[in-house]
Amino acid sequence: MGYKLGQYIPGSSLVHRLDPRVKIAAVMLVSITVLRADAFIVVAVTILLAGITFIARLSLAHLLRAVRPLVIFFALIFLVHLFFTPGAPSPLPLATYEGLYRGVLLTWRFVFLILSAAILTMTTLPSELISGLERCLRPLRPLGIPSHDVAVMVSIVLRFVPTLLQELDQIKEAQMARGADFKAGNLLARMKRVSSLVIPLIRNSILRAEEVAMGMEGRGYHRGPRTYMRELRMTPSDYIILALLVILTGLGVYRW
Amino acid sequence: MIKVENLVHRYDGDDVPVLRGINLEIKEGEYVAIIGPIGCGKTTLIKHLNALLIPTEGNVWVDGMNTRDTSLAGEIRRRVGMVFQNPDNQIVGMTVEEDVAFGPENLRLPPGEIRRRVTEALEAVGMGSYAQRHPHTLSGGEKRLVTLADILAMNPRYIALDEPTSSLDPAGREMVLTLLRGLNKQGIAMIHVTHNMDEITGADRIIVMEDGRIVLSGTPGEVFSGV
Numbered sequence: 001m002g003y004k005l006g007q008y009i010p011g012s013s014l015v016h017r018l019d020p021r022v023k024i025a026a027v028m029l030v031s032i033t034v035l036r037a038d039a040f041i042v043v044a045v046t047i048l049l050a051g052i053t054f055i056a057r058l059s060l061a062h063l064l065r066a067v068r069p070l071v072i073f074f075a076l077i078f079l080v081h082l083f084f085t086p087g088a089p090s091p092l093p094l095a096t097y098e099g100l101y102r103g104v105l106l107t108w109r110f111v112f113l114i115l116s117a118a119i120l121t122m123t124t125l126p127s128e129l130i131s132g133l134e135r136c137l138r139p140l141r142p143l144g145i146p147s148h149d150v151a152v153m154v155s156i157v158l159r160f161v162p163t164l165l166q167e168l169d170q171i172k173e174a175q176m177a178r179g180a181d182f183k184a185g186n187l188l189a190r191m192k193r194v195s196s197l198v199i200p201l202i203r204n205s206i207l208r209a210e211e212v213a214m215g216m217e218g219r220g221y222h223r224g225p226r227t228y229m230r231e232l233r234m235t236p237s238d239y240i241i242l243a244l245l246v247i248l249t250g251l252g253v254y255r256w
Numbered sequence: 257m258i259k260v261e262n263l264v265h266r267y268d269g270d271d272v273p274v275l276r277g278i279n280l281e282i283k284e285g286e287y288v289a290i291i292g293p294i295g296c297g298k299t300t301l302i303k304h305l306n307a308l309l310i311p312t313e314g315n316v317w318v319d320g321m322n323t324r325d326t327s328l329a330g331e332i333r334r335r336v337g338m339v340f341q342n343p344d345n346q347i348v349g350m351t352v353e354e355d356v357a358f359g360p361e362n363l364r365l366p367p368g369e370i371r372r373r374v375t376e377a378l379e380a381v382g383m384g385s386y387a388q389r390h391p392h393t394l395s396g397g398e399k400r401l402v403t404l405a406d407i408l409a410m411n412p413r414y415i416a417l418d419e420p421t422s423s424l425d426p427a428g429r430e431m432v433l434t435l436l437r438g439l440n441k442q443g444i445a446m447i448h449v450t451h452n453m454d455e456i457t458g459a460d461r462i463i464v465m466e467d468g469r470i471v472l473s474g475t476p477g478e479v480f481s482g483v
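Protein chains in written order, with the numbering used here: chain A, 1 to 256; chain B, 257 to 483.
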């Protein structure tokens with residue numbers, strides 16, 4: 001199994017050790033800041049991002065891998081703004097200097113959103129991320145959001161993704177052994193053949209879900225409060241960084 | 257002690273009951289093997305032992321607690337651990353240690369106690385060095401050991417196992433059987449469902465099921481001379 005988008009990269013840097021709640025808050029705060037950012041904020045936030053990347057000992061290659069799947073999307077945003085923004089004409093037909101400026105600014109904002117989320121998942125164990133999420137959702141419990149159940153749901157999804165991928169491979173191999181060819185034919189023919197993979201997979205998943213549920217129940221699972229092996233404790237450095245982030249966001253928003 | 261009295265079980269929508277009047281007692285620390293052909297009701301029977309199923313007729317008591325009383329289900333499930341046939345569907349954690357922690361977390365134990373139990377349970381099955389591994393990177397035998405650790409972390413008095421060695425290679429099978437015998441010596445009662453005769457010669461008692469009934473019950477000597 002190869003490297004996956006935003007996959008956790010083990011480390012012991014300050015960024016890795018931060019409380020997951022602080023990191024989740026950081027991504028949210030910074031996303032708010034760039035929402036209406038001008039060039040000054042974009043530059044400031046870029047420097048911040050570069051600093052975090054350096055502290056977390058992530059390489060540029062890690063970051064590039066995180067944005068690569070979205071390159072076409074970014075290109076589209078950039079081109080739309082480049083060509084459809086009114087302003088002083090440039091040497092390139094239809095394009096304007098204002099368009100170039102806006103294009104770079106807006107594209108970079110989107111790249112930034114993706115990168116900050118990627119840094120979060122690259123420096124936080126999935127289980128810590130889920131604990132953090134659960135605690136962030138706790139205040140919403142009076143509104144009927146069952147934070148404990150959400151946490152269990154998310155972790156089970158993450159747990160079974162590799163299992164389902166393995167199962168998909170098995171179904172595919174079993175059908176290829178009986179002569180199925182998933183590469184031949186036009187798009188429509190290939191899509192039809194994919195349904196012969198998806199239907200057994202869904203059927204197996206439903207049967208599996210029933211067994212998993214029974215196994216969980218057998219181990220005393222019930223809806224509602226549970227305790228956690230992993231304790232989250234805010235350290236002084238967590239509070240300091242959170243405070244800094246809030247101040248920076250405040251300054252950023254003040255400039256709007 | 258687990259006491260099963262005139263247990264009849266009919267699944268919703270079926271006319272024919274799967275269990276037709278089972279009477280059974282399992283003492284603390286006993287090693288009971290249940291054998292019988294596929295479809296004879298073995299799995300259904302053990303699901304009754306920790307209140308995953310409720311009798312259609314009759315009663316099941318675990319240490320004096322009736323499984324019909326839903327308020328007792330939590331305590332019954334803590335005392336009677338259940339190991340299912342397919343370990344893949346029993347592992348719910350993203351890492352081995354988180355999976356073992358799942359049960360104690362449901363019991364709402366304090367974090368330190370959960371950590372202690374997880375470490376102990378993984379040591380007991382010899383998987384201490386696998387704590388951080390992802391379940392899908394484990395072999396079939398290793399997954400089976402994790403599911404045993406899952407149950408041990410709940411400090412059970414009884415463990416019901418549904419064909420725990422199916423899909424294991426001979427080495428994995430021997431490892432699991434040795435472990436089960438060792439745990440039994442420490443005082444945990446085993447209720448071991450199988451259709452593999454050679455696995456159960458060491459049991460205290462063998463129960464032979466057929467068509468929803470117990471047709472034979474006794475020590476291995478008695479049962480095998482009867483066959």
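I should point out that these hints are in silico values taken from the structure, not numbers from a laboratory. Where hints are given, some of them may not hold.
[What the hints assert, rightly or not] Here are the simulated EDC-like pairs of lysine to aspartate or glutamate, each with C-alpha atoms no more than 20 Å apart in a straight line:
1) Lys303/B <-> Glu231/A
2) Lys303/B <-> Asp238/A
3) Lys303/B <-> Glu331/B
4) Lys303/B <-> Glu98/A
5) Lys303/B <-> Asp268/B
Against the structure, the hints come out as follows:
no., hint, result
1, Lys303/B <-> Glu231/A, "violated (34 Å)"
2, Lys303/B <-> Asp238/A, "violated (47 Å)"
3, Lys303/B <-> Glu331/B, "holds (15 Å)"
4, Lys303/B <-> Glu98/A, "violated (70 Å)"
5, Lys303/B <-> Asp268/B, "holds (15 Å)"
Of the numbered hints given earlier, the model fails hints 1, 2, 4; all others are met.
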